[in-house]
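**Q** Each chain, written out:
2 protein chains.
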Amino acid sequence: MKATVLIRPKEGILDPQGEAVGEALRTLGYAVTSARVGRLVDVDLEVDDPAEAEEALAAMSRDLLANPMIESFTIEIEDGA
Amino acid sequence: MKATVLIRPKEGILDPQGEAVGEALRTLGYAVTSARVGRLVDVDLEVDDPAEAEEALAAMSRDLLANPMIESFTIEIEDGA
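Protein chains in written order, with numbering that gives the first Met the number 0: chain R, 0 to 80; chain G, 0 to 80.
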């Protein structure tokens, strides 16, 4: 089962990389108010049950993928369709 | 208008960070076949028309956010809902 974990700096946490990207985009002439930079991890899991996969991915995110002190994560399970 | 650009290493492009994450997850006992690591950028745009926003975001991605040689990008426009 394929899934994606989206990891973002929590609201209120300083994001200097996002600020630099926003500033660079404005310099290039784009009407950007703000930009925040995060990570994504595409994971291929040997699990067939979506609920079980989501639980495993939440555990992985807490254990390794995200830093829960400063980052939030969301999990998107890919439909078999 | 809020939108997110998702940037991933193209298929066939080596992703050592993803390989390291996959290996670490397997070491922790998770049944992970593969992992690929990418970036995401949340952008707040001063544009009201979704089509215009998507066009601007594609241009930003080509200009600055992604490296089209080795990365692909997808754009998700947030509904006002």
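Worth flagging that the hints you see were computed from the coordinates, not collected in a lab.
Just so you know, even glycine gets a beta-carbon here, dropped at the ideal spot from N, CA and C.
Some hints could be false.
Stated by the list, open to error - Mimicking SDA-like on lysine to any residue, the simulated pairs with C-alpha atoms at most 20 Å apart in a straight line are: (1) Lys1/G to Glu75/R; (2) Lys1/G to Asp48/R; (3) Lys1/R to Asp48/R.
What the hints assert, rightly or not - Example chain G residues on the side facing chain R (calculated, C-beta under 8 Å, incomplete): (4) Tyr29; (5) Ser33; (6) Pro67; (7) Met68.
As the list claims (entries may be wrong) - Covered stretches of chain R (in silico footprint by chain G; criterion: 3 or more residues with CB under 8 Å from a CB of chain G, positions within the stretch not fixed): (8) 44–51; (9) 65–75.
**Q** Each hint: holds or not?
**A** Consistency of the hints with the structure:
Taking the CA atoms of Lys1/G and Glu75/R, the gap is about 19 Å. The hint holds against a cut of 20 Å. Of the pairs offered as hints, the one joining Lys1/G and Asp48/R is violated, with about 32 Å between alpha carbons and a cut-off of 20 Å exceeded. Restraint check for Lys1/R and Asp48/R: the C-alpha separation of about 11 Å stays at or below 20 Å, so the hint holds. A cut of 8 Å between beta carbons decides the hint on Tyr29/G: the least distance to chain R is about 6 Å, and the hint holds.
Interface hint at Ser33/G: satisfied, since its Cβ lies 5 Å from the closest Cβ of chain R, which is below the 8 Å cut-off. A cut of 8 Å between beta carbons decides the hint on Pro67/G: the least distance to chain R is about 16 Å, and the hint is violated. Interface restraint check for Met68/G: the shortest CB-CB distance to chain R comes to about 19 Å, outside 8 Å, so the restraint is violated. A count of 3 residues in the stretch 44–51 of chain R with a Cβ less than 8 Å from any Cβ of chain G is obtained; the coverage claim is therefore met, three being the minimum.
Check on the stretch 65–75 of chain R: 0 of its residues sit with their Cβ under 8 Å from a Cβ of chain G, so the three-residue criterion for coverage is violated.
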